[in-house]
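Undergrad: Sequence:
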Amino acid sequence: MSPPQGIKRLLSVGSIVADIRVEAPRLPERGGDLLGSAASISAGGGFNVLAAAARNGLPSVFAGRHGTGPFGDKIRADLARENIETRSAPSPEGDSGFCLVLVEPDGERTFITSPGVEAQVDRRKLEDLDLKASDVVFVSGYDLSYPTLGREIVRWIALWRDCILLVVDPGPLVADIPKAVLNATLARTRLLTLNRREAALLTGTEDIRKAAALALPRLAKDALLMVRDGARGCLLFGGGLPETPLHVPAPSVRAVDTTGAGDAHTGVLLAGLAGGLDPVSAAARASAAAAISVTRRGPATAPTTEELDAFLTTGPQRRSRSIA
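Just remember that my numbering sits 2 ahead of the position in the sequence shown, which is counted from 1.
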């Protein structure tokens, strides 16, 4: 993937749900119970990527469905707060879905999602969206896992005439995406970003080099594969880079909540590319943003441009390097 030129807008047609977040001392055993903290509710899912990008200067648009009810109201309020445009009116057919997020003391999180109107297509026609060559379109594994929405996304991207940058993050549901939907989407994907566990689920191997060798041929020509590796940063493969794999480290921080860290990484990465950075430099900013994110509690904890610049100025720097 050559560095994109002239990116002006991030558009997401996928799912935004309400995150119901509870801090738990541990996960309960099957049939058990435990006491957690009081729950908090905020927009989550695809919202986190849009918010991270918007906070770092990339205009962002939500073109998915959102419901009529308390979850939909909260989602719209959070979108408005981040100056993210909402393209469609609330659906009268029901409320947006929600995701129960259990956060353990080491910051690890576990999800259970209950879909709402965002999972359906109904009268929405994606081809009616006014796409431009300068757009970036983001699709998540949740979007592709929903039977009707996943098929509609595949049909839509097959109609594209311009070389629009399709970014896919299959997420923890990667193994649940219907094979035909996944294969058709990956074939048009120019940037695939996922964590190490998800890469293993996608390819059937935990060897990161073998996983990359299996994944890259499934993507569009010269696509960039980015594998996020937690506190170690991320690994870059393909994309026309002179040397790969390339390791981009992350600053060392104390994590309190990893919810939304991958989304912060993706949103800031796209904002960096839109700002004219090469993929390696954009990945370095993204890794730093994810590091800041895990020091904060909640889902949409990506820093602003100013916060990220200050962190990079004062914090210890680590150089990216190719891996022999």
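Because the hints were derived from the structure by calculation, they are not lab data.
Any given hint might turn out to be false.
Claimed, not checked - Here are the simulated DSSO-like pairs of lysine-lysine, each with C-alpha atoms no more than 27 Å apart in a straight line:
1) Lys127 x Lys181
2) Lys127 x Lys10
3) Lys223 x Lys134
4) Lys127 x Lys76
5) Lys212 x Lys181
6) Lys181 x Lys223
7) Lys223 x Lys10
8) Lys223 x Lys212
9) Lys212 x Lys10
Claimed, not checked - DEER-style ranges, computed between Cβ atoms:
10) Glu31 x Thr315: 14 to 22 Å
11) Thr297 x Arg83: 16 to 24 Å
12) Asp209 x Pro94: 46 to 54 Å
13) Gly34 x Arg199: 22 to 30 Å
From a predicted model like this one, the values you see are computed outputs, not experimental measurements.
Positions of the beta carbon are idealized from the N, C-alpha and C atoms, including for glycine.
Undergrad: Now tell me if each hint is right for this structure.
TA: Against the structure, the hints:
no., hint, result
1, Lys127 x Lys181, "23 Å, holds"
2, Lys127 x Lys10, "23 Å, holds"
3, Lys223 x Lys134, "20 Å, holds"
4, Lys127 x Lys76, "25 Å, holds"
5, Lys212 x Lys181, "20 Å, holds"
6, Lys181 x Lys223, "20 Å, holds"
7, Lys223 x Lys10, "22 Å, holds"
8, Lys223 x Lys212, "19 Å, holds"
9, Lys212 x Lys10, "35 Å, violated"
10, Glu31 x Thr315: 14 to 22 Å, "46 Å, violated"
11, Thr297 x Arg83: 16 to 24 Å, "21 Å, holds"
12, Asp209 x Pro94: 46 to 54 Å, "50 Å, holds"
13, Gly34 x Arg199: 22 to 30 Å, "25 Å, holds"
Consistency note: the structure conflicts with the earlier hints numbered 9, 10.
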